[in-house]
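Q: Okay, here's what each chain looks like letter by letter:
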Amino acid sequence: MAQVEDAWNRAGVVVRHEDGRVVYAYVAFPEDAISGIELLRRSGIPLVAVGFGALGEGVCSLGGEGCGVAECRQRVCQGAGASAPFWQYFRQGEPGSGEWRFLSLGASATKVRDGDIDGWSWTGGDPGLPPLTLDDVARSAGVPVGASTDAGGPVPTPAVREEVPAGYARDGDGDLQGWLAYAGTGAVLAAMAGVLGVVVVRNRRPRVAGAEQAA
Amino acid sequence: MSDDRSSLDPRAWLLWAIAAGLVPLVGRNPFALAATLLAVVAVRVAWVPPGSGVYSGVGLVRLAAAFAAVGVVFNALTVHAGDRVIARVPDGWPVVGGVVTVNAVAYGVVSGAALMILVLIGTTMSVVLDLASLLRLVPGRLAPVAVAGSVAVAFLPQTATALREIREAQAARGHRPRGARDLVPLLVPLLTGGLERAVTTAEALEARGFGAAVAGGRTAPWRGPVAALGLAASVSGVFSAITGHATLGLVALGGGVGLLVGSVRDPGGRTIARRTRYRTPRWSARETALALALAVFAALVLTVRAVDPGAVGWEPYPSLTVPRVSLPLLAATFLLLAPVPLAPPARVAR
Numbered sequence: 001m002a003q004v005e006d007a008w009n010r011a012g013v014v015v016r017h018e019d020g021r022v023v024y025a026y027v028a029f030p031e032d033a034i035s036g037i038e039l040l041r042r043s044g045i046p047l048v049a050v051g052f053g054a055l056g057e058g059v060c061s062l063g064g065e066g067c068g069v070a071e072c073r074q075r076v077c078q079g080a081g082a083s084a085p086f087w088q089y090f091r092q093g094e095p096g097s098g099e100w101r102f103l104s105l106g107a108s109a110t111k112v113r114d115g116d117i118d119g120w121s122w123t124g125g126d127p128g129l130p131p132l133t134l135d136d137v138a139r140s141a142g143v144p145v146g147a148s149t150d151a152g153g154p155v156p157t158p159a160v161r162e163e164v165p166a167g168y169a170r171d172g173d174g175d176l177q178g179w180l181a182y183a184g185t186g187a188v189l190a191a192m193a194g195v196l197g198v199v200v201v202r203n204r205r206p207r208v209a210g211a212e213q214a215a
Numbered sequence: 001m002s003d004d005r006s007s008l009d010p011r012a013w014l015l016w017a018i019a020a021g022l023v024p025l026v027g028r029n030p031f032a033l034a035a036t037l038l039a040v041v042a043v044r045v046a047w048v049p050p051g052s053g054v055y056s057g058v059g060l061v062r063l064a065a066a067f068a069a070v071g072v073v074f075n076a077l078t079v080h081a082g083d084r085v086i087a088r089v090p091d092g093w094p095v096v097g098g099v100v101t102v103n104a105v106a107y108g109v110v111s112g113a114a115l116m117i118l119v120l121i122g123t124t125m126s127v128v129l130d131l132a133s134l135l136r137l138v139p140g141r142l143a144p145v146a147v148a149g150s151v152a153v154a155f156l157p158q159t160a161t162a163l164r165e166i167r168e169a170q171a172a173r174g175h176r177p178r179g180a181r182d183l184v185p186l187l188v189p190l191l192t193g194g195l196e197r198a199v200t201t202a203e204a205l206e207a208r209g210f211g212a213a214v215a216g217g218r219t220a221p222w223r224g225p226v227a228a229l230g231l232a233a234s235v236s237g238v239f240s241a242i243t244g245h246a247t248l249g250l251v252a253l254g255g256g257v258g259l260l261v262g263s264v265r266d267p268g269g270r271t272i273a274r275r276t277r278y279r280t281p282r283w284s285a286r287e288t289a290l291a292l293a294l295a296v297f298a299a300l301v302l303t304v305r306a307v308d309p310g311a312v313g314w315e316p317y318p319s320l321t322v323p324r325v326s327l328p329l330l331a332a333t334f335l336l337l338a339p340v341p342l343a344p345p346a347r348v349a350r
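One line per chain: the protein sequences are A and B, in this order.
The first sequence begins at 1 in my numbering and counts up by one.
The second sequence begins at 1 in my numbering and counts up by one.
These are calculated hints, taken from the structure and not from any lab test.
Misleading hints may appear alongside valid ones.
[To be verified] Chain A stretches covered by chain B per the calculated footprint, using a threshold of three residues with CB under 8 Å from any CB of chain B:
#1 43-50
#2 58-70
#3 182-196
Owing to the predicted nature of the structure, the values given are computational and were not obtained by experimental measurement.
Note that CB positions come from ideal geometry on N, CA and C, so glycine has one too.
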């Protein structure tokens, strides 16, 4: 490895979103090898994955893009048509070659070793990932060139950075609606509960009347 | 169930069940689910007699707790995602290993609520509809299949009753089961009794001409292949729709259902035994009004889902967020209450 020389193994993750954003993560790990899903988890990129038993975990959402858990359980976010996008998992052959190979076994079954770069792309076919070396990933993730860490210290914090295409406009933060909408919701639910209360009282009345007559 | 004005046409109840089941089937929005739950419980309280055994408020709370618990445990142990970690199961444990998050617990609670709504709809239907009224809705050519199905459905409660009676009879003789071997005096009479009931039912059906051809009637040779083709197209359509090919799936399903209906229709009425009815169900103006209200509700749910999926669904992953709301959708949930004013004033189980 040219970037740093210490006791840790390091690997890179590149995530390409549909809107052109690319996220780079540079992760250090003490083990000889970890799984692709563990690398994603340690990278700190927001991840939603569900388990498929012995088949391992399927990636539903990365960085907020993907599908819901219920849909993911059904078909791992794959929509209609052969070219419908979903989170596809790739690994680069030779560093910097740009030959990204699709890994059909899934991220739970792969082994990530020192120097590997995993690629994730929300696509229906072409990965659209750039040719990269681990140094490129480290630089893009914001790790200073030549940075080193103490071999006896804790595992270095993963570095993550997002590159957005020119002219990219981010959506507004969150989907929180105005208080009026939630006040209206409360009113509707209270009215519904009121109807239920009226029905319960109406249904109990004959039995009470019967009891009074008996008394 | 009697067919006076204290009941609704079974087709109207089926429409209500489909409409009420839409929200829990297509989404997990807690607000929409809460409104649907309140509407379903109101209809249930209005129509299900207090003494019928499925009314109890405590029972409903227990049912809710059970379903919520199942939803929470399943979701929390199988979905290891979310930003609010509360515990960690060792990674080496298959399937359940990983972090347990508040996000997964929250999603489990709403999934449990959705499941409970569906169960409430089903149990309500089982009380307000009887098997005979449903059987009457089946086309004449499929009547033998429907009768066989109803016999199969009735088998479980009959077996449960028989087991209880056998257990009481054996207990009166001093029998107290302590292990697997002691179950033989219970299971053998249960098996022989079941076989005896099956033979008796078969003889009774045969004595009533079950499945017999009408003299002089002829079955067109094309019916069998067309029915098989229709069935294959329907199953393929459902599979295509589930796997994401909605348009192709709906076309195949529509064509398949059309072929099936065509193959079972019997305009002349000569190839099957004519069915008679003591009372014919009446579709009156109130059933029409109910159907219209439910159709409006269903159309609104599907429209809102297409335009603003977040108003019907909710994903607490990777961050726990406040669910979106759709006031038109919530207001439309009042349409699910349409059967309430049609309920008789007081219903006490007989």
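Q: What are the numbers of the hints the structure violates, in ascending order?
A: none
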